[in-house]
Amino acid sequence: MALNDILEDARLAGRAIADYGSGLVRPTLRLGVTGLSRSGKTIFITALIHALLHGTRLPVFEALTSGRIARVRLSPQPDAAVPRFEYEKHLRDLVDLRRWPESTRAISEIRVEIDYQTKRGAEKTLALDIVDYPGEWLLDLLLLDKTYEQWSAETIALSKLAPRAVLANQWHIHLKSLEPRASADEQHAIHAAKFFTEYLVACRDERFAMNLLPPGRFLMPGDLAGSPAVTFAPLDLPRGDEAPKGSLWAMMAERFESYRANVVRPFFREHFARLDRQIVLADVLAAINSGPEALSDLEQTLSAIAACFNTGRRTLLSSIFKPRADRILFAATKADHLHHLQHDRLENILSRMVARAAERSELAGAKTDAIAMAAIRATREAVVTRGKEKLPAIVGTPLAGERIGNETFDGTKETAVFPGELPELIEGEDREWKFKGLAASGPDETDFRFLKFRPPLLDAAAGGEPALPHIRLDRALQFLTGDRLE
Amino acid sequence: MTKPASFKPDDPRVAVASADEPLLTRAELRELEAAEALSLPAVIEPAQKRSRFWSKLFWSAAGGLVSLALGLAVANLVQSLFSYAPWLGWLALALTALAALALFVIAMRELFAIFRLEKIERLQKRAAEVLASDDREEGKAVVAGLLSVARTMPRLAKGRATMENYSRDIIDGADYVRLAERELLSPLDAEARKLVSSAAKRVSLVTAISPRAAVDMLFVLFNTLFLIRKLATLYGGRPGVLGMFRLMRHVISHLALTGGMAVGDSIVQQLLGHGLAAKLSARLGEGVLNGLLTARLGIAAIEVTRPLPFAALPRPTLSDLAGNLLPTKKD
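Same order as they appear, the protein sequences are chains P and X.
The opening position of the first sequence corresponds to residue 83 in our numbering, with each subsequent residue numbered one higher.
The opening position of the second sequence corresponds to residue 205 in our numbering, with each subsequent residue numbered one higher.
Some hints could be false.
[Unchecked claim] Partner residues aside, some chain X positions facing chain P, computed with beta carbon under 8 Å:
1) Ala209
2) Arg217
3) Tyr370
4) Asp376
5) Leu383
Rather than coming from a laboratory, the hints here were simulated on the basis of the structure.
Ideal placement from N, C-alpha and C gives every residue a C-beta, glycine not left out.
Use the sequences and the hints to build the structure in full.
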């Protein structure tokens, strides 16, 4: 165990030294786009690259507005073994077909080079490395420091809480039939893994919108599907005991270990241990849609993930041996599903959710910020007058099959939607959420309804590439890269 | 709580929002502001409010007396002219009326000038508050105020158009104010720097070659007044005579407030510069010192007359503006 950890640290330091060396030759900024599945990582990256390449409206991004950025181009990425981020394909999906990119199934990478002039006049180039990966895999980070026994106990305890208990019913029944000390049987393991995975998948449904569902490869196996590394499940284990040799317990524990060693650690080493800047995307509105349970689940997940980051002020020593992210931006995505008057409340909700993680990073010397953002803005704003009320509404084209009240949309008609008014948070009040979401009540009774919209219809009449509308993408860029372009 | 709902876009109740129309009424905004004011970092103000009741009373009363005396003298004059010859009386009356009209117009102009200055001062204060609070609506209001000040400045046509172009985007208060500063004030700042540094150069030259102390004192005084007036005009203030008094007072109090604090930059340089220059010649040293003082005053004047505080753009420093006054190794 201890030897493993030392080896791992040595590997991390080795990587860091190599990076530091190449960073001297070519200044590089590794931007970590962190986010759970469906939080909009791919869209954020696509919109960011598009905005940089075409120099579209980014008023708050100082280097671009003041004209100091001379040229931006895509260039070959540093890691030859990782596929390239399919920027062009995603863009065509968004602009021509007006559909969101499919969920990411494998890791990919892209490098953007920015030629700019510093404020003092020197001409420089900054390489921006961005990695995209399935958000499900992020959950694996929670397993970094856990043993099989710990993980089993936690997972089973969690699955007995509402609203998970109902969804876990099948798996619980199967779990009772298993005897951990019985001799190892591959069929038992396969069945256990199957029921467990079904439970995880059910929790992820839009109605419940749970996120705290490790291990991530069970939800998005990538090239591991069917291999022993993902054929294990938690067992109801007696406390303070050791696994007998050759038992089911021992087999599961061994597979869990190999999952950690062969899947989790390399992922962490390659993509998280060496980031300069982090943006954490969270789909807060989806959680609000589902209800208070999903919201507190998201909060737990975010703080657990943020606890894995290396954050803090950069020093020469830290940048050589143990890189740290010195700026972290928490962003509530899909802010275009709300009228901008409510953005402050969304920001407040997010800030409260990540308060502990942000505080920890700031104590270590990193800068943090929380914003409501939409990398691509799919709606316009409108005011609806109903009786005496003036409702701040948004206008967009809901995806086919979306429902609000008793109306179902077909994906072609524009609709004005009033999604509900977010609760206002008052400093120092207790953190109980009290509202009705999809998980606990029927679709007609919820306090909020955030629909999914199609990507906006863009006006390409001016010839050439149309600009993608956004909300606060420029602020995010300024926070994440602005100081390196000064 | 209002339930979520959907509406057809051709429904007459749906109005696609225009950027200028605030959704909240004034009263609601004020409530919001009051609620937020509690949680904001306070903006520190110099404590200068002391009751000036008696001095104000004295000056108003004395002013009233003087105007009464003037009115009486004029009335007497007209009366006695009437007794000489009626046509003389009429002429005097007409002249009095003309003088009164002109006085009225001048007074109105002064009043407007003071209003303009006050508007700019208020704008600066509000902008500082927005930079701390990041309030979106207030930031929009500040930028709208700035645009109305900038309407008369032809060189800002492009910046104004850019800002109006951004008015529909969702940008937060502090970012919006910073953006406006970059777009609208950077040409003005460059011009202001030029004004201050050339004034400083002029002063140091005249002091160095002037035959009498009285001459350069007068010159420094006029040059300074002229500089402040030009700076205020540049930033949209256009002060009148009373406005100049007001501005002078503010600039000097600002200088007193900040002057002592600028240790790192100025004092060392001043002493060093003065010391070196004084070794060359006493007159030259005095010239450099006067130039430095003018530049200091110019910086204070920029900070007072500028409609926004320095946030996105660099604050001018003494070495920017008066660097060329100091003897360097090149010479």
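How the hints compare with the structure:
1. Annotation: Ala209/X was flagged as interfacial toward chain P, and the flag holds, the nearest CB pair being 5 Å apart, inside 8 Å.
2. Satisfaction of the interface hint for Arg217/X is found here, the shortest Cβ-Cβ separation to chain P being roughly 5 Å, below the 8 Å cut-off.
3. A distance limit of 8 Å between C-beta atoms decides the matter here; for Tyr370/X the minimum to chain P is near 5 Å, and the interface restraint holds.
4. This hint holds: Asp376/X has a C-beta 7 Å from the nearest C-beta of chain P, less than the 8 Å allowed.
5. With a cut of 8 Å, the hint placing Leu383/X at the interface with chain P holds, because the nearest CB-to-CB distance is about 5 Å.
Checked against the numbered hints above, the structure breaks none of them.
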